[in-house]
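Enquirer: Spelled out, the chains give:
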Amino acid sequence: MTPFRTAALAACVAALATTFCQDARAQAPQRGGRAAIWLNADIRSLEPGINRDANTDGIVHQIYEGLVGYQTDLGVGPALADSWTSSEDGRVWTFKLRDNAVFHNGARLTSADVKAAWDRQWNNQAWPCRRIFDQSGGLQVQSVEAPDASTIVYRIANPSALFLPWMASVQCGVVVAHQDSFGADGKFQAPIGTGPWKLGEWRRGELVTLQRFEQYGASSAPASGYSGRRDVMLDQVIYRVIPDQSAAEAALQTGAIDLMPDADIERADALRAQGLRVQSAPGLSWSTLLIQTNDPVLKDPRIRRAMAHAIDLSQLAEIRTMGLAEPSPSPVSPSMSFFDESFRAWPAYDPARARALLREAGYRNQVIKLQTNRRYNGMYDNSVATQAMLTAAGFRVELEVLDWATQLSNYTTGNFQLQSFSFSPRLDTGLAFSSLVGEKARGASAQWENPEVIRLLTESSATSDMTRRAELFRQMHALMAQDVPSIGLYFMPQIVASRQDLQGVTPWPAGRPVTWGIWRQR
Amino acid sequence: MLRYALNRLILSVPTLILVSAAVFLLMRLVPGDPVVLMLGDQADPQQAADMRAAMGLDRSVFVQYGLWLLHAVNGDLGRSTTNDLPVLPLALSRFQVTATIVFAAVAIAAVVAIPLGTVAAWRQNTKADFAIVSGATLLLSIPSFWLGLLMLLFFGLKLGWVPVVGYVSFSEDAFKAALYIVLPVATLTLIEIGILTRMARAAAIDVLRLEYVAHARAKGLRESRVLRRHVLPNAFAPTLTLIGIVLGNLLGGVAVIETVFTLPGLGRLLVDGIYARDYPVVQGCMLFIATIYVVVNLLVDLAYPFFDPRVTAS
Chain A
2 MTPFRTAALA ACVAALATTF CQDARAQAPQ RGGRAAIWLN ADIRSLEPGI
52 NRDANTDGIV HQIYEGLVGY QTDLGVGPAL ADSWTSSEDG RVWTFKLRDN
102 AVFHNGARLT SADVKAAWDR QWNNQAWPCR RIFDQSGGLQ VQSVEAPDAS
152 TIVYRIANPS ALFLPWMASV QCGVVVAHQD SFGADGKFQA PIGTGPWKLG
202 EWRRGELVTL QRFEQYGASS APASGYSGRR DVMLDQVIYR VIPDQSAAEA
252 ALQTGAIDLM PDADIERADA LRAQGLRVQS APGLSWSTLL IQTNDPVLKD
302 PRIRRAMAHA IDLSQLAEIR TMGLAEPSPS PVSPSMSFFD ESFRAWPAYD
352 PARARALLRE AGYRNQVIKL QTNRRYNGMY DNSVATQAML TAAGFRVELE
402 VLDWATQLSN YTTGNFQLQS FSFSPRLDTG LAFSSLVGEK ARGASAQWEN
452 PEVIRLLTES SATSDMTRRA ELFRQMHALM AQDVPSIGLY FMPQIVASRQ
502 DLQGVTPWPA GRPVTWGIWR QR
Chain B
276 MLRYALNRLI LSVPTLILVS AAVFLLMRLV PGDPVVLMLG DQADPQQAAD
326 MRAAMGLDRS VFVQYGLWLL HAVNGDLGRS TTNDLPVLPL ALSRFQVTAT
376 IVFAAVAIAA VVAIPLGTVA AWRQNTKADF AIVSGATLLL SIPSFWLGLL
426 MLLFFGLKLG WVPVVGYVSF SEDAFKAALY IVLPVATLTL IEIGILTRMA
476 RAAAIDVLRL EYVAHARAKG LRESRVLRRH VLPNAFAPTL TLIGIVLGNL
526 LGGVAVIETV FTLPGLGRLL VDGIYARDYP VVQGCMLFIA TIYVVVNLLV
576 DLAYPFFDPR VTAS
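In order, the protein sequence lines correspond to chains A and B.
Sequential numbering of the first sequence, starting at 2, is according to my numbering.
Sequential numbering of the second sequence, starting at 276, is according to my numbering.
Pulled out of the complex, with its shape left as it was, chain B reads as follows (with noise of 0.2 angstroms):
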């Protein structure tokens, strides 16, 4: 298992490469000047270009490339030419954030979706089903920044229940942090619950129809042990990879939900160093992105013999 996993960190370093490398020269191609940004429209074209090269932009991509990548190797992401603060400890601490409302609306996506994607497969074509599916279908087709708008002038702004906006972190205050991202992760998980449920609904049809459940029936097995004992561990191992890809798609940032309630996560730090340009931030969270996704996808595969036996790390 050691071995698969080193394996597998080890076949992940071109992969990482070749999007440090895709990301810094897209990021070469999007027109607008990040000197310009930062000085505004007060400054002369000499002070721009004497800023320009204090800055490194007035060497080659290839060189430019080629020394960013020198440092990232030794842990040093660069500096924000927005803030000038070291990028990879300022990408850690949005993660946090990020992280801690992912795991939490993932969690509990995972808790409601998979049995409930589990029964609508066992009375497929029923009403119960088609109930199912069409909440899944309309919490899938409402946009994210949408429903989080919806929640905030409900439950924030008419029944005043929850801040509207702010962050506070657990270790700061534990119970003030959950009032805060109640709402962003009530919102993740509803829009999370539509994606899983439907991925839990087809991998237990797939089940239902497999000659051990009929054999179960056959034996006299209650339906609901039937369920729980032989549909729903079957069904979780291919759900477990929609999981891991939501998982490592989310952790990445979700820049829509963390605009709308204010919390400074991963996803606004990467649109924010878009908008301004800011390369090293750009670059530097988009391989910590690409490392996320790697790592999580590479959880997940070693998890997979548990839940399923018949594939195995070797």
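Extracted from the complex, chain A is given alone in its bound form (with noise of 0.2 angstroms):
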């Protein structure tokens, strides 16, 4: 070989070096920058669990941590807690909370903060989940003690599986603020949690703004979920509220936002032509066809089940999910461990077999209402298709546009026929279904009005034996078939589009973004 060659082959072999180390630079993740991500409204309040909506739960959980959080599989993992026991009983539960958590002010965690946390969430009437934990859904907390600095003591009424979800809730699971977060009248003054992010501003109605907490102590579990370690990697996180659709695409084109965490699934083909990453995930939003059954000509479980044979669920969930996510009749989502084909059991599409039950039931061609609104669109586009179905199958079905607030009025009174409807997230079976199942005297809203089931979702509470819980929930979907309460469609999957030079994005069940792993390529 010539020198020639010689230096021109070192000279290759270093260009590919180069290249190669440039490249695996630009792999790693990176410390630094900020990222923009869309809230499609301003959110309510930064005080833990009151005055609460999804884009406020979701910028919550980036501030504060409770003892417990859900993982991406749907398993409840460690934040706040490294570990936790239960008694043979099962009555008490026993958390060893983390050495290293601090508050944003720079106090160290212990047990009296979880415990002046839980105490001040119970005494506040606005906490909507009061009724979760003092036994109107089964679960009674008698007591919470705080028997040294790191340990944090739950004592239950009766055993119950439902425990440890409901302390990992997204919605109702205790986020611990420091007490000085709160003035000397008890009223909230700002928001001082253990999380990664602290609170750097929130313009009502623009933009809250988070930075890096730098003294953030992490867990040492495996990031999963709102479980685990928080590696956060930005310097800054801007959620910027832009309340039209297309000015917040117009926005992630341009780089004004960088993150999209709920677009428009029949928007995600033209995202992905505009040069953005668009990924999805199975999604945990339920959308439902409400039925109301004390209604006069609904109450007959014949018409119901008419409909059920009338509304083509593969069809449907094929067109609205983009082909996504298959239908599913039943609350259990296909990412739920307690999943398996039989709650994909349903009443066969079969318009004749509709048309030959409305006859037997006697349906003389009553008008029955189907109430939507158009601030959701697919809640529209599924009230739209359902009513061509049905309509289709003999029913005279007629559209009632209103709008949300009214709908969800109606929902909670039980003021309807037919609901298009969607269930936020519930990330665990047993609350699935506790969403529909209930006497209607105590609260309107449930859907579900059977004895047999009220009696099988209280056992499948009662008991912590997975084999049995998942039985017991097969018996209460068989049941569901026969009952059809109400129509359950598909789970909407989660479409997440963000900027190529975001990295991390990891769009999970839960639907709320997960902002530690994100960073961004320079």
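It is worth saying that the hints were derived from the structure and are not from the lab.
Bear in mind that the values here come from a model prediction, so they are computed numbers and not experimental data.
By construction, the Cβ of each residue, glycine as well, lies at the ideal position given by its N, Cα and C atoms.
Please note that the accuracy of each hint is not assured.
To be verified - Looking from chain B toward chain A, a few residues come up when the C-beta cut is under 8 angstroms (computed):
#	residue
1	PRO320
2	LEU427
3	THR534
Taking the hints as your guide, dock the two standalone chains into a single complex.
Expert: Below is the structure:
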């Protein structure tokens, strides 16, 4: 080899090595920078648990942590608690706190803070989840004790498989705010949590800025959903309020925002064509057709079964989710560990059978009102499709388009015949059934009032035997296919659009974006 | 003049009370429960009832209204049920954003539309008139959200000249603030040009038919001078009335523009309040908007004698 060739070869090797190293550097997570995330509406509050909605929950869980949190596989994992044990009778739950958790004001987390956070929520009239823990729902927290600085003990009246899921619940799990977050009068003043982000600025109606908390003491458990390590790479996250979807897409394209956590599924291809990264994950938001089983027409199970035969679930799911989700007549999502194919069992699409059932039930072409709204396009599109299918099978269905506040109010008071609805994510199978089952006299929003099912649900909550719980859930679904108290359509997949230079974005079934692990490629 | 202004203000009090009563009753008649929206589907009926009592929503509508009015008279419009902020400072801060855009847009629109309308009237039934009237009708017909989105996509997205979303106040950074409001102001200006041009044209046509214009022409004045000296000032007065109405209307909130361009203005506050059944915000905003109408119309009436000496405050 001549010296020239040797030199040329060496230069090539060096160039390749440099390129490889640069590539490797580009792929390795980098610290610094900021990212802007889309919010379709402003948050309501930063006081944990009070005056909340989905947007609010998403930011509250960046600032604060709970004892436990949901993992991406929908199991419950460690957060502020490193470990926990349950007594043999299942009535005493002991949580050991991780020793490196520090509040944003520099104070070290102790069990007294956890107890104080619990007491404050418990005594607050505006805490919507009180009924979860006060026996109304079968679970009763009798006392919370802090025997030493790193131990917190919950005593519950009866063993419950729902205790831990509720503690991890995004909506109702108690996250810990430092006592200085509240003034002497008990009023909330400023968010002081132990999370990896602290509040920078909240400009009402415009944006919420979070700054990285440099003293954050991470859990030793691997990061997974709202559980485990929260290693933040970015310096700053800005949640930008953009009410209009088209404006939000324009903002994503120009870089005014970097991440659109809840992109419109119908726009996924268009966003991809514009050079944006579009990812999807199975969702837990359950689209349903609610049926008022007390209604004079719809109280006849044959009419409801006729509806089930009239709706082509496969076609509906295919069209509405762009083929990303299968039909889901049951509240048990394919993402849940209890799921198996038996939860797909449902009256087959058979318009002729639907007509026969209608004749048998003596349906006299009475008008059935289907309530829907245009705030959530998915609900509206579902109502139009189901109206067409029901009409084709001999029903006389009229759409009643309401604004969302009115429809939600009608849902809670039971003032409807049919409603196109979507349940917010329930991350536990028992909780998913709980949103349907109950006595209408105690809560008009209960959809399914069947004593046998209430008994099965109560038993499923009381046992921690996973095999038995699975069997109980299967029995409940089998009864659901007979009773047809509502018609589950599908679980809407999560569509997350982001700019190409934003790395580490990982959609998960809970839907709310997890900001730790996200980094900006420079 | 001062006496006239005071009289007008005193006379506006019953109007404001009527407006507040109507809004109060209408909001209560609209289905949808603020407590349900606050608590979500997790709450039980007892808790919702407790919360309704805590918010005073379990009392009769008349008692609720009486209490609200009593506080309103003392300058307390209540606190938002959505975010617990006092309504009056909230409305005032949002009004600043709306006012910045509206005053800029209406001023530019007036400067463009009044001469344009006068020229169209002067050249009535010619190609120039046809072009101006067609352009104005077109601008008038375009929905503001569509024009806003087009502007946003073209100037913000395709050309990248201005930011597409967000807001910066002038006190924070004047240059950035100007950049952020260019598109909303331009959108609003274009739409208002359509409205004002047609009004200015109609007013100028009326004036052009009057004898003193014929007299000025007979005197041998040049057309430009006739227009500048005799037509424009006299045609401006009726247009001023329309400008007053437009200002009052827009200052009450340009919700669509504010939504498309993500501006934290009064209109968006009101619309969000309606969606959330945030009674204090809706009631407070509507009273605020009614007051703006009254004040703007009063100012227009007070300004009228300066432009039309035939009209006096007395």
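Enquirer: Hint by hint, say whether it matches the structure.
Expert: Results of checking the hints against the structure:
At its closest, the beta carbon of B/PRO320 sits 6 angstroms from a beta carbon of chain A; the interface hint therefore holds under the 8 angstroms criterion. Taken as an interface hint, B/LEU427 checks out: its beta carbon lies about 6 angstroms from the nearest beta carbon of chain A, inside 8 angstroms. Because the beta carbon of B/THR534 sits about 5 angstroms from the nearest beta carbon in chain A, less than 8 angstroms, this interface hint is met.
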